[in-house]
Every structure is written in C-alpha cells, then in structure tokens.
Amino acid sequence: MSEPAYQLDRVCFRYPRGGFALSIDALTIERASVVALGGPNGSGKTTLLLLLAFLDRPSTGKIRFFGSLAAPDGDGRVREAAVLVPYPPYLFRGTARHNLCLGLEIRRVPRSQWNERLAPVIEALDLGPLLDRSGRALSAGQAQRLAIARALVLRPEVLLLDEPFASLDQEQSERLSALLHGLNRERKLTIVFSAHRGNTIDSLPPLQTVRLNEGRLSSSGRILHGPPKAGH
Amino acid sequence: MLSELCEIIWVSIKVSGLSVLIAGALALPAAVALLVYRFPGRRALIVFNQTLMAAPTVVIGLLLYMLLSRSGPLGSLGLLYTPAAIVIGQAVLVLPIITGFSYSALQQVDNRARLTAISLGASKMQAGWLVIQEARLALAMAVLAAFARAISEIGIAMMLGGNIRHATRTMTTAIALESNKGDFVSSIILGCVLLVITLGINVAVFYFTGCQESDE
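Heads up: the protein sequence lines correspond to chains A and B, in order. As numbered in my numbering, residues 378 to 609 make up the first sequence, in order. As numbered in my numbering, residues -14 to 201 make up the second sequence, in order.
It should be emphasised that the hints constitute simulated quantities derived from the structure, not laboratory data. Glycine included, each C-beta is placed from N, C-alpha and C at the ideal position. Any given hint could be a false lead.
[Said to hold, decoys possible] Stretches of chain B that chain A covers, calculated by requiring three or more beta carbons in the stretch to come under 8 Å of a beta carbon on chain A:
#1 84 to 98
#2 110 to 118
[What the hints assert, rightly or not] Here are some chain A residues the structure puts well away from chain B; computed CB gaps all over 10 Å:
#3 457
#4 459
#5 474
#6 563
[As the list claims (entries may be wrong)] Pair ranges (Cβ atoms, derived):
#7 B/-13 / A/516: 32 to 40 Å
#8 B/29 / A/386: 53 to 61 Å
#9 B/192 / A/441: 28 to 36 Å
#10 A/465 / B/192: 45 to 53 Å
#11 A/441 / B/39: 16 to 24 Å
#12 B/-10 / A/465: 54 to 62 Å
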C-alpha cells in the first residue's frame, strides 16, 4: 500500500514572538487526493499550507512526507515534489513569460522540455495573450492564473494552493477546476487548497475536507462524490 | 590650472568610486546575512551599524590616522598620505551606510518573494539572489547615496590624504585650501563641479527609477 502524502503527528506551530497559531494532533492526507481546507479567517489555513510546504517549521511535532520525515526546512525531495502558490501570489519583476519559466530555470529543466510543459498549461489557463506583459501589470485574477501555471509546469506531486479561486471569475474558476481535476485523475496530483467561501470549494470537488477553527482541527472527513459537473 | 583641476576631480572620483566599490562588496553580503540568519547579537549589530552610519568623518579619520601613522600598528605599510589611505577611510565611512540602506531595502521586499522562490525549488543562495534583484533599485540608490557621501566628505581626505598636490588633493580638500588662501574663484568652480556630480547622480537615480516604474 502506498504511503500517504502527509502524516501530521502532534504538530503545533507558534509564532517566534509567541502566540499560538495551529495545533493538530493527527492528520493524514492521502496520496492523489484533493483536500479542501476550510475555516474562517485566522483559523490557521495558510499556516497549515506553509507547514505542508515546509516553508515554516512546526514548533513541535512531526510531519511525514510520503512516508519519510523531511528536514524541518524541507529537503531536495520536498522541494521537487511540493509547490505552494501563496495568496495573493507573488510575481517577480519582468514579464509574465519570465515568471512562468522561473521555476524551470531554477530547477535547471532542460530547455528542450520547456515547450512541452508550458504549452498545455498556457492553453488551459488562457495565458497566451498575457505572456509578453509585465507580471506586475496583470490583474489579480491573471496573476493568480499565472502563479498557478508557474507551479504546474514544474509537474509537482503535491500542489498547495492558498485561496486559488479567490480572484477568479466563474469561467476562469471552471477552467482551473477542470485542469486541476484532470491532473488529479491522470497524474495522481495531490491537491491541498484553502477556501473560506463555500462556492469556491464547490469549484473543485474535494475528496477530503479539513475544517479548522482557531488553529485546531474541527472536522476532517471524506466526501464521496460523482464525476465533476459538466465543464469541469 | 585647468589640468590641475581635472586632476583633482579625477582623484576625487577615483578614490570615492573605489571606496564605494570595496565597501559595497562587503556591505551587500553583510546586509543579506543580517536579513537571513538569526544569531546572538544580531539586533545589537544592527543598532551598532545604524550608529556608525552617523559617525563623524573626522572621528573615522582620527582612528585610522592612529592606525596608519608611522608609530601606529599599520604604520609599516606606509599608507598614510596616499590615495589608498583615503580609499580605506572612505570605505570605512560608507560601509555602514551601504549595509544599513541595503538591509532596509532587502527588508522591504515582500517575504512572499523568498517563500515563492524557495517553493519553486530555489536554494537559499538562489532565493537570496532573487530577493536582491527585486530590491535592485533601492540597492542602487544605497550605492549612489554612499558615493555622494564619500565624494563630499573632507575629514578623512584631509587627515589621511594630507591634501598633497598632484597626489591626494581632492575636491573638498582643495576647496578648503583655496578658501583659506582667499582664492574663492577656484573654490567656487570646484564647488560647482561637486554639485554637478551630485546632480548627475540624482539624475541617474531618477532616470533609473523612471525606467523601473515604466517596467512595472
């Protein structure tokens, strides 16, 4: 049996200057699952995503990543496998194309592979007309799509998305939802995303929901659902 | 007369440019280290650096004079009253300035830049470089401000350079000398040149800023 993507064991996170942020006794996120993190503002969703991306280290407790304990700051395996798209997304100086290719450049992906990775994502998220524009000149929704595309071209095993649908209109939400759903089914991509609005959770049918309240797990369960709605 | 003026201007630009180059090479990694690493005494170091940013040039000149004079610990190097001594002194003067402004510039960069870079697979070093690139405008301004400070100071140039004709005479020491002699014409010309250089630096900053803003 394959190992889960994440196993959290008595994980607690406190801010360096004090202040409780998150405490989770146990949480398992299955491989190839779609997990929705719900909860009100300040409930710890973003903190949990940062911990899952190994961009913050838990104050106490352990996080197993695909069965093994990763270094607190992450290691090569984690960096290769998990990518976080924060909200609001950060775009570096330069064009949208530069931003889109930045991860490929950093990871030294051979240029011969770039087109095959970029083309489907550009088409799926309708980024073609934006590529030569300055990244900083994009609207919030365009920046969101670009940042998600930048993560997807790296072909991670785990995609961590903070409020991925927050700035997207209905049409773009559906496009993104369909793309992510396809990647989850075909490539077994594990997706963990946060959303505090009910309708955005509906845009990507989750297999598992994790609800946080004041930094604690208030519920966690599986949802059985049929195939995605038409257009997804 | 004109050739001597040109020589003085050249000495000023050369020593100040070199001192900023040396200080910049040390200050930028120091600023990155202050930002990235958490170590005991880090805050005290930041406060100390901020204090040094306001250090009077004559105090720096005096301390280095004691080090470099014949009876001082570094007297055997024979650096006193050479352009190299001014370079060292001005580098010491602007090192905390570039460090402080660079630290502040890097601190202004959104933390998501570093997190995003690391999440995309960047090493700490690569993430640091990306953050530096995000702050490049403010960093360039830190360097230009340091150059303006170095080229317009007089205490170090006078105490460590000695205002020696055809060797260590800079614009500021020449202005002081010519004023003492009552030759206000030469003083005013040199003063105007100094102002033009400072103006040039400001124009460069504005042009650079404009380019960056239109890029965004």
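Hint by hint, here is what the structure shows:
Given as covered by chain A, the region 84 to 98 of chain B passes the check, having 3 residues with a CB less than 8 Å from a CB of that chain where 3 are the minimum. Here's how the region 110 to 118 of chain B fares: 3 of its residues keep a CB closer than 8 Å to some CB of chain A, so the rule of at least three is met and the hint holds. With 10 Å as the threshold on Cβ separation, the claim that residue 457 of chain A sits away from chain B is violated: the shortest Cβ distance comes to roughly 7 Å. For residue 459 of chain A, the shortest C-beta to C-beta distance to chain B comes to about 8 Å, within the 10 Å cut-off, and the non-interface label is violated.
With a least beta-carbon separation of about 14 Å from chain B, residue 474 of chain A lies farther than 10 Å from that chain, consistent with its non-interface assignment. With a least CB separation of 23 Å from chain B, residue 563 of chain A remains clear of the 10 Å interface cut-off, as annotated. Checked against the hint of 32 to 40 Å, the pair residue -13 of chain B and residue 516 of chain A fails, with Cβ atoms roughly 58 Å apart. A hinted range of 53 to 61 Å for the beta carbons of residue 29 of chain B and residue 386 of chain A is inconsistent with their spacing of about 38 Å.
Judged by the Cβ atoms, the range 28 to 36 Å given for residue 192 of chain B and residue 441 of chain A is violated: they are separated by roughly 54 Å. Checking the proposed 45 to 53 Å range against residue 465 of chain A and residue 192 of chain B shows it is violated: the Cβ atoms sit about 31 Å from each other. With their beta carbons about 52 Å apart, residue 441 of chain A and residue 39 of chain B fall outside the hinted range of 16 to 24 Å. Checking the proposed 54 to 62 Å range against residue -10 of chain B and residue 465 of chain A shows it holds: the Cβ atoms sit about 55 Å from each other.
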